[in-house]
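Enquirer: Each chain is listed here by its residues.
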Amino acid sequence: GESVGLHLPTLSVQEGDNSIINCAYSNSASDYFIWYKQESGKGPQFIIDIRSNMDKRQGQRVTVLLNKTVKHLSLQIAATQPGDSAVYFCAETPNQGAQKLVFGQGTRLTINP
Amino acid sequence: SQTIHQWPATLVQPVGSPLSLECTVEGTSNPNLYWYRQAAGRGLQLLFYSVGIGQISSEVPQNLSASRPQDRQFILSSKKLLLSDSGFYLCAWSRLYNEQFFGPGTRLTVL
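Heads up: the protein sequence lines correspond to chains F and W, in order.
No gaps in the numbering here: position 81 of the first sequence is 81 in the numbering used here, and each next residue is one more.
Add 113 to the 1-based position in the second sequence for the numbering used here, that's all there is to it.
Simulated from the structure, these hints should not be mistaken for laboratory data.
Where a beta carbon is used, it is the ideal one built from N, C-alpha and C, also for glycine.
Mixed in with the good hints, there may be bad ones.
[What the hints assert, rightly or not] Here are some chain F residues pointing at chain W (derived, C-beta under 10 Å):
no.	residue
1	L8
2	Y36
3	Q38
4	G41
5	P44
6	Q45
7	F46
8	V87
9	K100
10	L101
11	V102
12	F103
13	Q105
14	G106
15	R108
[Stated by the list, open to error] For the chain W half of the interface with chain F, some residues (derived, Cβ under 7 Å), not all of them:
no.	residue
16	G156
17	L157
18	Y162
19	V164
20	L203
21	F215
22	G216
23	G218
Use the sequences and the hints to build the structure in full.
Expert: Structure representation (structure tokens):
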């Protein structure tokens, strides 16, 4: 669900390592999930999405995994680069036919040189 | 290709003054439109969304209102700003049941 008032959790990784950012959702009826990247002072950018009839989807250097049994979503970033430093948000549609997204609280990813 | 514009980029307003933020989308028709607010270091709070001209759904009771006078124009307004209205305001658009695309945002500071 929405956590707009909470401070962001943080994740620090070494440049070149893989990053895994996790997101838990509570609504078992959610059927569409998205990961966004937000750099400081900018609007969120779409990274990758996945529908509930899939459990894995790959993009360029990113993979999204969906575990509907435990209502868990993860974003894996391979060989992280300094440009990957940002806040990452997961989002879900709360039910079929919903025309809005519910955003998670976000995770701040910091890449150490 | 589609683009989304927001203006102004930054705004400093006194408490009690009115507000009008504008968002326009190019390159698509009949989009869903959204207004979000983001406090510093926080997540995104959905304020309003619209599935068509003149159709506005409000997500939270507040000091703000929204209007959609044209298909690709979404306006966020207030008659009297409060200190708590400060934040980063984001407009987004989407096609039916698909990902949302965000604009560059407006940073509002109410003094």
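Enquirer: It remains to establish, for every hint, whether it holds in the given structure.
Expert: Against the structure, the hints come out as follows:
no., hint, result
1, L8, "holds, 6 Å"
2, Y36, "holds, 8 Å"
3, Q38, "holds, 8 Å"
4, G41, "holds, 8 Å"
5, P44, "holds, 5 Å"
6, Q45, "holds, 7 Å"
7, F46, "holds, 5 Å"
8, V87, "holds, 9 Å"
9, K100, "holds, 5 Å"
10, L101, "holds, 6 Å"
11, V102, "holds, 8 Å"
12, F103, "holds, 5 Å"
13, Q105, "holds, 5 Å"
14, G106, "holds, 5 Å"
15, R108, "holds, 8 Å"
16, G156, "holds, 4 Å"
17, L157, "holds, 5 Å"
18, Y162, "holds, 5 Å"
19, V164, "holds, 6 Å"
20, L203, "holds, 5 Å"
21, F215, "holds, 3 Å"
22, G216, "holds, 5 Å"
23, G218, "holds, 5 Å"
Hint compliance for this structure: no hint is broken.
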